[in-house]
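Enquirer: Residues per chain are reported as follows:
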Amino acid sequence: MGNTQLRHNVRHATDVIRNKRAKVVAEVSDWEQLRQSAHEIKQHTLRHLDFYLQQFESACKAAGAQVHWARDADEANGIVVGLLKSHRAEEVIKVKTMTSDEVRLNDALEEAGITPIETDLADLIVQLGEDKPSHIVVPALHRNKMEIRRLFMKKMGLEELGDQPEDLTAAARTYLREKFLRVPAAISGANFAVAETGTVCVVESEGNGRMCVTLPEVLISLVGIEKLVPRFADLEVFLQLLPRSATGERMNPYNSFWTGVTHGDGPREFHVILLDNGRTEVLKDEESRETLDCIRCGACLNACPVYRQTGGHAYGSVYGGPIGAILTPQLQSLHHSQTLPYASSLCGACYEVCPVKINIPEILIHLRNKIVERHDDPLTERFAMRAAASAMADSSRLEMAQTLGRIGQIPFAENGVITHLPGILSGWTDVRDLNSIPKESFRAWWKKHLNTLE
Amino acid sequence: MLISLFIACYNDTLFPETGRAVVSLLEKLGHDVDFPSAQTCCGQMHYNTGYKKDALAMMQGFLKTFDDAEVICIPSSSCVAMIREHYPKMAAQSKDPVLIRAIDDLLPRVFEFSELLVDKLGLTDVGAFFPHTVTLHPSCHSLRSLRVGDKPVQLLSQVRGLKLIELKESDQCCGFGGTFAIKNPDVSAAMLSDKVTCVLDTRAEICTALDNSCLMHISGALTRQRTGVRCLHIAEILASTEHGESA
Amino acid sequence: MVEEASEHPRIVTAKEEILNRVRRAVLDRKLERESDYAYIPRQYNTVSVLNDHDLLELFISRLQDYGSSVYECNEPYISGAVGAALAERKLRKLITGRDFPSGWIPAGFDFYQDNGFDYQQINSFEGVITTCALAIAETGTIILRHAGEEPRRALSLIPDYHLCIVFAAQVVETVSQAVRQMATMGDVPLTTISGPSATSDIEMTRIKGVHGPRTLDVIVVIR
Numbered sequence: 167m168g169n170t171q172l173r174h175n176v177r178h179a180t181d182v183i184r185n186k187r188a189k190v191v192a193e194v195s196d197w198e199q200l201r202q203s204a205h206e207i208k209q210h211t212l213r214h215l216d217f218y219l220q221q222f223e224s225a226c227k228a229a230g231a232q233v234h235w236a237r238d239a240d241e242a243n244g245i246v247v248g249l250l251k252s253h254r255a256e257e258v259i260k261v262k263t264m265t266s267d268e269v270r271l272n273d274a275l276e277e278a279g280i281t282p283i284e285t286d287l288a289d290l291i292v293q294l295g296e297d298k299p300s301h302i303v304v305p306a307l308h309r310n311k312m313e314i315r316r317l318f319m320k321k322m323g324l325e326e327l328g329d330q331p332e333d334l335t336a337a338a339r340t341y342l343r344e345k346f347l348r349v350p351a352a353i354s355g356a357n358f359a360v361a362e363t364g365t366v367c368v369v370e371s372e373g374n375g376r377m378c379v380t381l382p383e384v385l386i387s388l389v390g391i392e393k394l395v396p397r398f399a400d401l402e403v404f405l406q407l408l409p410r411s412a413t414g415e416r417m418n419p420y421n422s423f424w425t426g427v428t429h430g431d432g433p434r435e436f437h438v439i440l441l442d443n444g445r446t447e448v449l450k451d452e453e454s455r456e457t458l459d460c461i462r463c464g465a466c467l468n469a470c471p472v473y474r475q476t477g478g479h480a481y482g483s484v485y486g487g488p489i490g491a492i493l494t495p496q497l498q499s500l501h502h503s504q505t506l507p508y509a510s511s512l513c514g515a516c517y518e519v520c521p522v523k524i525n526i527p528e529i530l531i532h533l534r535n536k537i538v539e540r541h542d543d544p545l546t547e548r549f550a551m552r553a554a555a556s557a558m559a560d561s562s563r564l565e566m567a568q569t570l571g572r573i574g575q576i577p578f579a580e581n582g583v584i585t586h587l588p589g590i591l592s593g594w595t596d597v598r599d600l601n602s603i604p605k606e607s608f609r610a611w612w613k614k615h616l617n618t619l620e
Numbered sequence: 588m589l590i591s592l593f594i595a596c597y598n599d600t601l602f603p604e605t606g607r608a609v610v611s612l613l614e615k616l617g618h619d620v621d622f623p624s625a626q627t628c629c630g631q632m633h634y635n636t637g638y639k640k641d642a643l644a645m646m647q648g649f650l651k652t653f654d655d656a657e658v659i660c661i662p663s664s665s666c667v668a669m670i671r672e673h674y675p676k677m678a679a680q681s682k683d684p685v686l687i688r689a690i691d692d693l694l695p696r697v698f699e700f701s702e703l704l705v706d707k708l709g710l711t712d713v714g715a716f717f718p719h720t721v722t723l724h725p726s727c728h729s730l731r732s733l734r735v736g737d738k739p740v741q742l743l744s745q746v747r748g749l750k751l752i753e754l755k756e757s758d759q760c761c762g763f764g765g766t767f768a769i770k771n772p773d774v775s776a777a778m779l780s781d782k783v784t785c786v787l788d789t790r791a792e793i794c795t796a797l798d799n800s801c802l803m804h805i806s807g808a809l810t811r812q813r814t815g816v817r818c819l820h821i822a823e824i825l826a827s828t829e830h831g832e833s834a
Numbered sequence: 118m119v120e121e122a123s124e125h126p127r128i129v130t131a132k133e134e135i136l137n138r139v140r141r142a143v144l145d146r147k148l149e150r151e152s153d154y155a156y157i158p159r160q161y162n163t164v165s166v167l168n169d170h171d172l173l174e175l176f177i178s179r180l181q182d183y184g185s186s187v188y189e190c191n192e193p194y195i196s197g198a199v200g201a202a203l204a205e206r207k208l209r210k211l212i213t214g215r216d217f218p219s220g221w222i223p224a225g226f227d228f229y230q231d232n233g234f235d236y237q238q239i240n241s242f243e244g245v246i247t248t249c250a251l252a253i254a255e256t257g258t259i260i261l262r263h264a265g266e267e268p269r270r271a272l273s274l275i276p277d278y279h280l281c282i283v284f285a286a287q288v289v290e291t292v293s294q295a296v297r298q299m300a301t302m303g304d305v306p307l308t309t310i311s312g313p314s315a316t317s318d319i320e321m322t323r324i325k326g327v328h329g330p331r332t333l334d335v336i337v338v339i340r
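Chains as they are written, first to last, in the numbering used here: chain A, 167 to 620; chain B, 588 to 834; chain C, 118 to 340.
Hint data in this document are derived by calculation from the structure and do not stem from the laboratory.
Values in this document were obtained by computation on a predicted structure and should not be read as measured data.
Glycine included, C-beta positions come from ideal geometry on N, C-alpha and C.
Treat the hints loosely; a few may be bogus.
Computed footprint of chain B on chain A; a stretch qualifies when at least three of its residues, placed anywhere within it, have a C-beta under 8 Å from a C-beta of chain B [said to hold, decoys possible]: (1) 502-515; (2) 532-538; (3) 594-607.
Ranges between beta-carbon positions, derived for each pair [as the list claims (entries may be wrong)]: (4) B:Lys651 to A:Asp238: 21 to 29 Å; (5) A:Gly574 to B:Leu710: 35 to 43 Å; (6) B:Asp737 to C:Lys147: 36 to 44 Å; (7) A:Glu332 to C:Asn240: 26 to 34 Å; (8) B:Lys651 to A:Lys614: 21 to 29 Å; (9) B:Thr720 to A:Pro588: 32 to 40 Å; (10) C:Lys147 to B:Pro675: 18 to 26 Å.
Let the sequences and hints guide you as you build the complete structure.
Expert: Right under this line is the structure:
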């Protein structure tokens with residue numbers, strides 16, 4: 167919450183994208199039907215995920231690719247490092263993929279003496295700045311152009327550089343072009359993987375995706391198992407929902423589709439790594455399974471009033487915002503990140519904009535329930551909730567509690583206003599007053615009112 | 588018509604004037620009002636915080652209390668959202684067919700206050716007089732769960748003397764969210780600050796809403812900052828006549 | 118008869134373990150897969166409503182929104198349109214795929230056909246000219262199918278200028294229609310292009326042109 171520049175940038179960016187999204191979504195008369203179908207396609211795929219994973223593997227291999235399976239982050243990183251080492255690669259170019267952030271692939275690569283080169287402009291900025299991304303779709307939101315200019319001059323060895331956005335992207339283009347044309351190995355993720363055909367799809371704007379999946383000799387794609395869709399034609403739904411939700415465009419500049427290996431065009435060697443890393447844990451819980459429907463558009467972040475105030479760094483995980491609040495704890499089987507499900511006022515704005523209709527507020531409540539059932543809720547809270555439930559058990563107890571409240575407030579109330587409360591309640595009175603409890607409750611008044619009616 | 592009132596636990600304790608206004612208005616419109624005094628709480632706070640078992644007990648209490656009520660009026664859209672969205676879910680999870688049937692039977696009888704007036708009673712003009720400038724904060728539950736749409740605006744537009752001023756960024760949450768305000772005080776305060784700025788920008792004398800929970804939050808800051816802007820539940824505006832405000 | 122315990126317990130592969138986890142996790146499969154798939158609701162629009170003329174107009178308007186220059190011509194005059202586009206952009210040295218029709222190439226420019234050029238060589242060309250497989254009016258999208266007559270992907274990616282020849286009959290209205298056709302195009306690489314490359318990563322200013330061709334022009338062949 168402290169960094170004002172970040173907060174200002176987040177506020178501005180989320181407002182801009184939110185408005186753009188609203189405009190292009192309003193154009194689509196069958197938006198709700200598309201959302202419903204997208205939700206059902208994903209849910210169906212998850213229900214039959216074992217079949218689709220195997221179907222994908224067969225089709226992909228038949229087209230000349232190699233398919234690997236990784237149970238967790240370490241296994242995935244081991245496979246990537248092993249493949250790159252077998253090719254004696256010292257550098258590797260990367261297309262934006264949150265999955266690689268999730269498994270901390272870059273750390274593993276550097277430990278193995280391999281230099282990862284981020285090629286998405288924002289990820290490049292984050293990497294050169296030795297920083298962390300602050301937003302799912304616009305990761306360098308926390309940097310302004312003056313900061314970026316200084317960074318580029320320093321890290322790209324430039325003596326002169328203009329300070330307009332055009333100058334900065336031109337610098338990035340030159341810097342990265344040299345790498346695209348030369349570096350023989352690349353790592354990508356996948357937005358979608360088609361089970362029926364073994365096709366992998368990467369959705370992007372800048373063209374670095376096309377560069378990375380086309381030019382190198384060796385391509386490794388890290389694909390979370392939830393990225394699968396059954397048939398190519400199913401993409402008709404997602405290719406309408408994703409661009410409009412993510413960047414507020416009718417269609418993003420580039421989508422690349424490829425299946426296995428094509429002679430004379432693109433990498434000679436293509437590897438897919440199918441990654442679990444906790445997704446099967448999320449799959450187990452039928453109520454919150456739809457968390458895996460997520461297509462990483464970032465619309466929930468842009469809609470969330472909490473995120474608008476805090477930005478992604480506050481969430482402490484790769485996946486931020488509303489989806490992060492339900493995905494991260496579940497990937498970690500609720501052993502960590504237990505405060506995340508509480509970082510929400512349950513306003514429902516995220517659910518309203520989610521293109522695959524993930525009922526995030528409902529899942530937040532579900533996770534809170536699981537935390538309580540495991541007795542991981544703070545003792546003071548459990549005590550307070552118990553006391554409240556007991557008071558609500560019947561009306562005579564409620565009346566007693568009201569009386570006690572009126573007595574209990576006496577030290578704090580002055581002229582009908584409470585300005586200071588003790589303990590955790592002081593969070594309220596630090597910035598707000600509280601009306602003191604009126605002498606006569608409604609039900610007490612009602613008793614008198616009944617008498618007047620008779 | 589006999590209208591049974593579910594006042595909502597926090598209104599009962601902290602905002603009895605809202606309940607008085609509801610009763611006063613409905614009686615003026617010629618209806619009989621009943622207040623089943625066995626009522627306590629709909630269970631929302633416990634449900635939202637993860638204490639489903641406690642919420643289930645309160646749901647059962649609610650069902651028992653309103654078993655034979657034909658029309659239930661609730662001046663709190665968050666309670667109505669709880670009942671409409673989560674009672675069926677809790678019933679389904681209990682797998683008790685009696686409970687499931689009881690909830691199915693309950694839902695059509697439940698009305699949020701503005702829904703009661705506009706949908707059930709078919710009224711937008713309730714004969715109110717309130718010569719002040721007013722802005723409306725659409726609470727998240729009324730906006731997204733109940734989808735009351737412009738019912739509150741329709742009602743306020745018919746109040747004589749009232750000037751309604753549109754609130755900017757109205758769909759932004761005020762930051763209350765029940766226990767959220769206590770557990771995440773910094774973020775809640777930041778959200779509240781934005782909401783208060785929008786309210787003050789309207790220069791309205793009064794901020795109104797369908798929920799006292801939001802209003803309690805917003806007015807907490809308005810009074811702390813000594814702005815002179817008051818918060819009033821919509822019922823209190825609609826019950827106001829030339830003979831005096833109901834509050 | 119007593120079975121002897123195996124000395125070497127079988128190691129479960131990652132694939133087997135993941136598939137087992139999936140099977141153990143999903144206990145609520147009520148329908149078998151194909152029926153379950155058939156039950157997915159599909160009430161979104163799939164049909165076209167625009168007539169040919171309006172369709173083309175929409176397509177051209179979207180392209181122009183992206184900043185593309187659009188040239189309309191009839192088939193016998195393609196080479197003229199190509200020449201006009203290149204002259205407008207002041208370009209001279211261009212590359213095409215191997216089977217690019219020579220009748221479409223205007224005089225006065227340096228055209229080369231792909232001859233297995235390496236990336237540095239491709240990078241020395243000022244522009245590339247391609248046809249396309251399909252186009253979408255609603256979104257102003259051009260779809261390249263990289264097989265047969267259509268050159269390998271590197272060719273339409275590296276040069277800074279891309280001129281694409283689209284026949285009116287190749288334009289469909291909606292994304293749905295396009296994807297359904299793409300589903301029949303086989304295992305070859307496909308690229309969809311909707312305007313030149315762009316980023317909004319620097320203070321949310323949308324900048325055109327980062328890595329892909331920064332300028333995209335289109336020739337629409339009406340008849």
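Enquirer: Now tell me, hint by hint, if it's right for this structure.
Expert: Hints and how they fare:
no. : hint                             : verdict
1   : 502-515                          : holds (count 8)
2   : 532-538                          : holds (count 6)
3   : 594-607                          : holds (count 11)
4   : B:Lys651 to A:Asp238: 21 to 29 Å : violated, 50 Å
5   : A:Gly574 to B:Leu710: 35 to 43 Å : holds, 41 Å
6   : B:Asp737 to C:Lys147: 36 to 44 Å : holds, 41 Å
7   : A:Glu332 to C:Asn240: 26 to 34 Å : violated, 21 Å
8   : B:Lys651 to A:Lys614: 21 to 29 Å : holds, 25 Å
9   : B:Thr720 to A:Pro588: 32 to 40 Å : holds, 38 Å
10  : C:Lys147 to B:Pro675: 18 to 26 Å : holds, 20 Å
Hints 4 and 7 from the list above are not met by this structure, while the remaining hints are.
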